[in-house]
Amino acid sequence: MTATNHTATQHLLDMQNVSIVFGGLRAVSNVNLYIDQGELIGLIGPNGAGKTTAFNMITGVYVPTEGNIYFDGKLVNGKKSYQVTKMGMARTFQNIRLFSELSVIDNVKIAMNMHIQYNLPEAILRVKKYFTQEEEVTKRALDLLKLFHLEQHADEMAKNLPYGAQRRLEIARALATEPKLLLLDEPAAGMNPQETKELMEMIRWIRDNFHIAILLIEHDMGLVMGVCERIYVLEYGFCIASGTPDEIKHNKRVIKAYLGGEAS
Amino acid sequence: MDSGFMHQFVQQLINGVSLGSIYALIALGYTMIYGILKLINFAHGDVYMLGAYIGFFCTSMLKLSFLPSIIVAMVGTALAGMIIERVAYRPMRNAPRIAILITAIGVSFFLENAMILFASPQPRTFPAVFSATVYHFGALVINSQQIVILVSAIVLMIALTYIVNYTKIGKAMRAVSFDADAARLMGINIDFVISMTFALGSALAGAGGVLVGIYYNSIEPLMGMVPGIKAFVAAVLGGIGIIPGAMMGGIILGVVEALVSGFISSTFRDAAAFAILIIILLYKPQGLLGKNVREKV
Amino acid sequence: MNSLRKADLKAFVAAAVIFAVIYGLLQAEVIGAFWELNLVLIGINIILATSLNMINGYTGQFSIGHAGFLAVGAYVGAIMTVKLGFNMAVALIAGTAAAGLLGFLVGLPTLRLNGDYLAIATLGLGEIIRICILNIDYVGGAAGLMGIPRLTSFPLVFWIMVAILFFIKNFKNSAHGRACLAIRENEIAADTMGIDTTKYKVMAFTLGAAFAGTAGVLFSHYFFIAHPASFTFMRSFDILTMVVLGGLGSMTGSVTGAIVLTFISAALADFPQWRMIIYSLTMIILMLYRPQGLFGSKELSMQLFRSLKIGGKKQ
Chain A
29 MTATNHTATQ HLLDMQNVSI VFGGLRAVSN VNLYIDQGEL IGLIGPNGAG KTTAFNMITG
89 VYVPTEGNIY FDGKLVNGKK SYQVTKMGMA RTFQNIRLFS ELSVIDNVKI AMNMHIQYNL
149 PEAILRVKKY FTQEEEVTKR ALDLLKLFHL EQHADEMAKN LPYGAQRRLE IARALATEPK
209 LLLLDEPAAG MNPQETKELM EMIRWIRDNF HIAILLIEHD MGLVMGVCER IYVLEYGFCI
269 ASGTPDEIKH NKRVIKAYLG GEAS
Chain B
-12 MDSGFMHQFV QQLINGVSLG SIYALIALGY TMIYGILKLI NFAHGDVYML GAYIGFFCTS
48 MLKLSFLPSI IVAMVGTALA GMIIERVAYR PMRNAPRIAI LITAIGVSFF LENAMILFAS
108 PQPRTFPAVF SATVYHFGAL VINSQQIVIL VSAIVLMIAL TYIVNYTKIG KAMRAVSFDA
168 DAARLMGINI DFVISMTFAL GSALAGAGGV LVGIYYNSIE PLMGMVPGIK AFVAAVLGGI
228 GIIPGAMMGG IILGVVEALV SGFISSTFRD AAAFAILIII LLYKPQGLLG KNVREKV
Chain C
76 MNSLRKADLK AFVAAAVIFA VIYGLLQAEV IGAFWELNLV LIGINIILAT SLNMINGYTG
136 QFSIGHAGFL AVGAYVGAIM TVKLGFNMAV ALIAGTAAAG LLGFLVGLPT LRLNGDYLAI
196 ATLGLGEIIR ICILNIDYVG GAAGLMGIPR LTSFPLVFWI MVAILFFIKN FKNSAHGRAC
256 LAIRENEIAA DTMGIDTTKY KVMAFTLGAA FAGTAGVLFS HYFFIAHPAS FTFMRSFDIL
316 TMVVLGGLGS MTGSVTGAIV LTFISAALAD FPQWRMIIYS LTMIILMLYR PQGLFGSKEL
376 SMQLFRSLKI GGKKQ
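Protein chains in written order, with this note's numbering: chain A, 29 to 292; chain B, -12 to 284; chain C, 76 to 390.
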């Protein structure tokens, strides 16, 4: 009850003095971060800086040791991942986690599950509601796949898609949950410069088309600088800088963190 | 606390430790094989049955004494273990794990029924290799068989610990169970190491079989089913893949069973073993000596 | 989605035809008492295999304690008819509900475990159930519960089986079924897609256990007796083998696995000493050459027929 006297705010996502301790290790320390509706924010930092850990706290995988995380004015701490998703956050993973032995369209349909209204008996007895909703879901899933140029693969197994298409499917699947905030964990990992450039455009397009906020973790500085409006920089679990790409580019601590040397 | 209770308690403790050391011998093989292949080798209990039969053959037909019999049984089961691995498990190294598990169940059925076919389903009386001397310590009773079992089990466990920790093959086993791919890159012959693991684990089970034959005087083709499962419970209890854990798990299981049958009812003995298992799994699934690992997101 | 309803209708007609043929052969006594018994057993095993497939195949939760739920159904059903004098319908409902309830109660804590740990825990639970039954004098203890009337007939088994197959098929093709499949594929991803993984795991486990209970009621009311020795972990392995042999995650695979294994077992009944050896060798060889099971996770359908261009079994 010391530093955290300000509570729920009007920000979409608000991390207030958040820390997490694993054993003796303080993986994230006193991080303050906020995202407003429709913003495109980057979270960068060297390896092991605590970026993914921060992500995992936001999405309910880990519970912060100290501090609070608010989403849409509601407390996230202690919520399970699926509850966080229902609140309106969706994410992708650094190492792709598709439902690899299921069809591409089923991958997307599963993400729409929480919007399906029929219950178990209605599904077993196949009442009218079941058919109309299934039709609706199939249609919406196909529409979404079209937007990501995946419709021709709809009935293929997800694991048979080429790498770039798997990345796109993961994003499409996350969007199928109808989030207000999309969290992308190193979407450019394993991509060549050309693919990265396309990804950059796609991220901007998603934000504009779906009218959502995006939080991006990335190693690729070019990508982050190119698309993000504001950037947070983590190092050893601390937030060492935040601001516009220009401010970050000229920040001495950031340069030191990335190019080596002693942190002051 | 009246002395009658204490007396019975200590007596059951003695019984439990000798039974538990046999569980521990079987559990060691389970844990080593699981550690290296991530396979619950359901046929392991039947390898133990095989050891009992070889021991029976040596003592009753060939009239060998205890030491040569147990050595022959260990060599025989070691070979059996290596053959099982070579024929049934090695071709499936890259198959889904559940398929290998079904194969293991198949091997188990096969060994049991082959033994029924060749040796008849009737129980056999294991000849008394030792004059059953009973020693009294005050009111406590311990017989020569229990002493033999305990001494043998301890000697074997020490030998195993030495092999695993100080010999080249032991180091290779640990390396393979830690990271098979890295071990392969370091020039370790994985197939050979796995084969040796089966040989060692099966030899211990075979020794356990002979000891049980001596202890209960009776063997039969299905004798491996329940102790096999319980030995796996012991391995999980101690922390699967951890060698001292299997020893500890075996002893604890034996003691608990002895106490339950002594103080509650022998029919609940088996339920007690499984109840412990479930409690352990729910509160410390990695076992008593295991470390907590969590999937990285 | 009329095509879906049409497919259902076709499947139903096919089931009716199969029933008519078998029933006709039974009435004409072309099929004797021995094979009638095995037909009933096949029906019961199909229920067991497909219900275990919901847990192991669809949801990916490795359970090997199915015989425990079978036992609960067998005994609770028998208590209803023998001790309390109710009819078969009550017995079926009570046996199903009791096994389902038990599945729910044990599923809730144990489904936190995964992989081999869950397997060994369910195996232990199955054994605990059996040992408890063994110690209850009210149901005959080790001697078993005797004097159960034969209220199970081939038509009853057949139509209950068909109803359960429809249930499971519709379950798989619903949002609930997809949630289960997602859990099997990647539990963490399923969780982040808004799926309450615990809820669906417990749901699949409860339904699977309940159907095993149904099978248990049918079982004990066909064989006159409910005996603890029928419900050991060997029985659980049997059911698991049917599922894996047919192809984990394939309902038609489970059906085929149940038919094939029950058939092999029955056909070898005249050679009791070789029966289990051949049975076990079949298991090993099939796994060596086809580790994904006969059908993999695919469903047997007319389309698959056309692509394979070979004849086969129903459904």
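No lab work stands behind these hints: they were computed from the structure.
Any given hint might turn out to be false.
Calculated pairs, DSS-like style, for lysine-lysine (alpha carbon to alpha carbon, straight line, at most 30 angstroms) [to be verified]:
1. A:Lys114 with C:Lys81
2. B:Lys25 with C:Lys373
3. A:Lys107 with B:Lys278
4. C:Lys247 with C:Lys373
5. C:Lys244 with A:Lys174
6. A:Lys108 with B:Lys278
7. A:Lys187 with A:Lys277
8. C:Lys274 with A:Lys102
9. B:Lys50 with B:Lys155
10. A:Lys174 with C:Lys81
Ranges between beta-carbon positions, derived for each pair [stated by the list, open to error]:
11. B:Pro83 with A:Gln180: 27 to 35 angstroms
12. B:Asp166 with C:Asn189: 15 to 23 angstroms
13. B:Asp166 with C:Lys158: 52 to 60 angstroms
14. C:Gly216 with B:His123: 31 to 39 angstroms
15. A:Pro74 with B:Met173: 41 to 49 angstroms
16. C:Phe338 with B:Pro108: 21 to 29 angstroms
17. B:Met173 with A:Glu275: 43 to 51 angstroms
18. C:Arg187 with B:Pro83: 20 to 28 angstroms
19. A:Met185 with B:Asn204: 56 to 64 angstroms
20. A:Gln145 with B:Asp166: 46 to 54 angstroms
Cβ coordinates follow ideal geometry from the N, Cα and C atoms, glycine included.
Inset, instruction - Of all the hints given earlier, name the ones this structure violates by number, lowest first. - result: 1, 7, 9 and 15
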